[in-house]
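Protein chains in written order, with the numbering used here: chain A, 57 to 162; chain B, 7 to 415.
Please keep in mind that the hints were generated in silico from the structure rather than gathered at the bench.
Only a predicted model underlies this, so the values are computations on that prediction, with no experimental measurement involved.
Careful: at least some of the hints might be erroneous.
[Stated by the list, open to error] With a straight-line cut-off of 35 Å between C-alpha atoms, the simulated DSBU-like cross-links for lysine-lysine are:
| hint | chain 1 | residue 1 | chain 2 | residue 2 |
| --- | --- | --- | --- | --- |
| 1 | B | Lys92 | A | Lys87 |
| 2 | A | Lys156 | B | Lys92 |
| 3 | B | Lys215 | A | Lys145 |
| 4 | A | Lys110 | B | Lys92 |
| 5 | A | Lys150 | B | Lys202 |
| 6 | A | Lys150 | B | Lys171 |
| 7 | B | Lys226 | A | Lys87 |
| 8 | B | Lys389 | B | Lys340 |
| 9 | A | Lys110 | B | Lys79 |
| 10 | A | Lys101 | B | Lys79 |
| 11 | B | Lys374 | A | Lys145 |
| 12 | B | Lys98 | B | Lys79 |
| 13 | B | Lys103 | A | Lys110 |
| 14 | B | Lys340 | A | Lys101 |
| 15 | A | Lys139 | B | Lys171 |
| 16 | B | Lys10 | A | Lys87 |
| 17 | B | Lys389 | A | Lys145 |
| 18 | B | Lys42 | B | Lys255 |
| 19 | A | Lys62 | B | Lys171 |
| 20 | B | Lys289 | B | Lys340 |
| 21 | B | Lys42 | A | Lys145 |
| 22 | B | Lys374 | B | Lys358 |
| 23 | A | Lys145 | B | Lys226 |
| 24 | A | Lys62 | A | Lys110 |
| 25 | B | Lys42 | A | Lys110 |
| 26 | A | Lys150 | B | Lys79 |
| 27 | A | Lys87 | B | Lys202 |
| 28 | A | Lys87 | B | Lys255 |
| 29 | B | Lys98 | A | Lys150 |
| 30 | B | Lys340 | A | Lys105 |
| 31 | B | Lys289 | A | Lys150 |
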Amino acid sequence: MIEVHKENFEAEVLQAEGLVLVDFWGPKCEKCLAVMPDVEALAEKYGDKVKFCKLDTSGNRRLAISQKVLGLPVIAFYRNGEKIDELAKDDVTKENIEAKILSLLA
Amino acid sequence: MSDKIYDIIIVGGGPGGLAAAIYGARSRLATLLIEKGRPGGQAATTEDMENYPGFARGTTGPGLMEAFTEHAKSFGAEIVRDEVVKVDLEGKVVTTKSGNTYRSKTIILAPGAVPRTLNIPGEFALRGKGVSYCATCDADFFEDLDIVVLGNGDAAVEEANYLTKFANSVTIIVIHDEGILDAAPMLQERAFNNPKIKWVWNSTLAEIKGDGLVESVVIKNIKTNELTEMETNGVFIYVGTVPQTDFLKDSGLEMDSRGYIITNEQMETNIDGVYAVGDARVKYLRQVITAAADGAIAAVAAEKYIAEEEGFRKSVLEEERPVAVAFWSPMVQKALEMMPSIENTVGAYGDKVKLVKMDTYRNQRVAKRYGVTKNPTIVFFHKGEVIATLVEDAINEGSIRQVLDKLSK
Chain A
57 MIEVHKENFE AEVLQAEGLV LVDFWGPKCE KCLAVMPDVE ALAEKYGDKV KFCKLDTSGN
117 RRLAISQKVL GLPVIAFYRN GEKIDELAKD DVTKENIEAK ILSLLA
Chain B
7 MSDKIYDIII VGGGPGGLAA AIYGARSRLA TLLIEKGRPG GQAATTEDME NYPGFARGTT
67 GPGLMEAFTE HAKSFGAEIV RDEVVKVDLE GKVVTTKSGN TYRSKTIILA PGAVPRTLNI
127 PGEFALRGKG VSYCATCDAD FFEDLDIVVL GNGDAAVEEA NYLTKFANSV TIIVIHDEGI
187 LDAAPMLQER AFNNPKIKWV WNSTLAEIKG DGLVESVVIK NIKTNELTEM ETNGVFIYVG
247 TVPQTDFLKD SGLEMDSRGY IITNEQMETN IDGVYAVGDA RVKYLRQVIT AAADGAIAAV
307 AAEKYIAEEE GFRKSVLEEE RPVAVAFWSP MVQKALEMMP SIENTVGAYG DKVKLVKMDT
367 YRNQRVAKRY GVTKNPTIVF FHKGEVIATL VEDAINEGSI RQVLDKLSK
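Generate the whole structure from the sequences, applying the supplied hints.
Printed below as a string of structure tokens:
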């Protein structure tokens, strides 16, 4: 997974072509840490079709807020620079993320 | 299905489940803990943890739960990350989301609770966009911003205090009359003296508004029904919790109308060999220390249950010879007086008949299963089946011989 931050978010996510997944997480968010291995496993599985990124919001608060993220965890999906879908809080589970990937790829 | 049969399977890895794992594994019982997320439960989502004995200020919820987890692992408890979706409590089998099945001699349920949602307009859509139930997770987003906290119990007031380290202002919305809070006095005092905390009394939230991010809340005064809109950047909701016991609905487990599991003081549920601990149990105080205490009690009760069941199975049910089980208690005078004659009468059959003495106080479950209510009672078994029962005054040399003569032919 690509680590994105305020320096490279524009290039890696907003300028990217195709489907991009951004895992908004933080070191104090237990739920984020719990789901991280699942997201990494999905990155292995779908990495050729979806660009997987993770964003540590603790050093990138303004960037997160600019992306309308004000709470964790959030898994956001972008296509051609636009946010098209997202999962937040309790909806962030391995099953839901995979289902969302499959429906967005369909 | 794996052939392995665990001694204890613990469902849930909060402080209750982890304490049970520590006690179980330390007693050399094959202990498996299944937790769907990271171990720690709700305790890992509260930053300030200052009331766990021996751990003064500066201890954090995640830190303490990390220590619990390492402690359990150090004694050999196995921790698996998966979600239990189905249980057969009588048969002691659990099935997980990933399709694995685990078998055990006992089950300790520690599913915990989750924050209750309000289900008001805007709440669901604005989660992760300013609506939160976890200050530890989300506090630093609100640096220099204005937020509201709904609720007035320990969690609400404690987390509101914590949030003032980040936010510009924290407005606590309280349903009670001015000055009345459900939180502990020390937390109240701290909040009342905190210059960043403001108060709205006699009120609750009617709606959360915002386009993409939280922009305002609609506050409803419950006395006047008046609605007031207030601008804010975030809403933290602490209005109690609900037990995570939906997966136990059709398991035969006894629960109250709100879904909390009913246990006795030994943490025993209505099903033999099944225990419940922590926040999902009907109890007076839901804290890390009481969850941990529950866990210790349940693990010890499970250990005794296993010993009792296995002891009975080996010495009575699997015995080839006829067995006379004398239920007695040294506390009951009549039983005390009759035991020597029972021992002599049965002893006269030598190796042909086995006598097992069972203290009814230490073997309450087995005694109950065979309907033993009087002291002494003799239950005769052959090849695992009950053949005859003699109670109190019906017990004498003649009646015992009558049963045993037939059995030992």
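Exercise for the section: Quickly compare the C-alpha distance for Lys62 of chain A and Lys110 of chain A to 35 Å and report which way the hint goes. Expected result: holds, 12 Å
Exercise for the section: Quickly compare the C-alpha distance for Lys156 of chain A and Lys92 of chain B to 35 Å and report which way the hint goes. Expected result: Distance ~25 Å between Lys156 of chain A and Lys92 of chain B Cα, so the pair holds.
Exercise for the section: Measure nothing beyond the straight line between the CA atoms of Lys289 of chain B and Lys150 of chain A; if it is 35 Å or shorter, mark the hint as holding. Expected result: Judged against 35 Å, a Cα distance of about 33 Å means the pair holds.
Handout entry: 35 Å limit on alpha-carbon distance, applied to hinted pair Lys389 of chain B and Lys340 of chain B
Key = Cα-Cα ~30 Å, so holds.
Problem - Restraint check for Lys389 of chain B with Lys145 of chain A, where alpha carbons must lie at most 35 Å apart - result: The given pair, whose Cα atoms are some 57 Å apart, is violated under the 35 Å limit.
Exercise for the section: Could you grab the alpha-carbon distance between Lys110 of chain A and Lys92 of chain B and see if it respects the 35 Å cut-off? Expected result: Holds: Lys110 of chain A and Lys92 of chain B sit about 33 Å apart, inside 35 Å.
Practice task
Would you mind confirming whether the straight-line C-alpha gap from Lys150 of chain A to Lys202 of chain B stays at or under 35 Å?
Solution key: Violated, at roughly 39 Å.
Exercise for the section: Verify the proposed pairing of Lys103 of chain B with Lys110 of chain A, using a straight-line Cα cut of 35 Å. Expected result: holds, 26 Å
Problem - Pair hint Lys101 of chain A and Lys79 of chain B, alpha-carbon separation not exceeding 35 Å - result: holds, 31 Å
Handout entry: Holds or violated: Lys289 of chain B to Lys340 of chain B, with C-alpha atoms at most 35 Å apart
Key = Since the Cα atoms of Lys289 of chain B and Lys340 of chain B sit roughly 39 Å apart, the hinted pair is violated (cutoff 35 Å).
Handout entry: Given pair status - Lys171 of chain B, Lys139 of chain A, alpha carbons within 35 Å
Key = Holds, because 32 Å separates the two Cα atoms, which is no more than 35 Å.
Practice task
Compare the distance between the alpha carbons of Lys42 of chain B and Lys110 of chain A with 35 Å, and conclude whether the hinted pair is satisfied.
Solution key: holds, 22 Å
Of the numbered hints stated above, those contradicted by the structure are hints 5, 11, 14, 17, 20 and 30, listed in ascending order.
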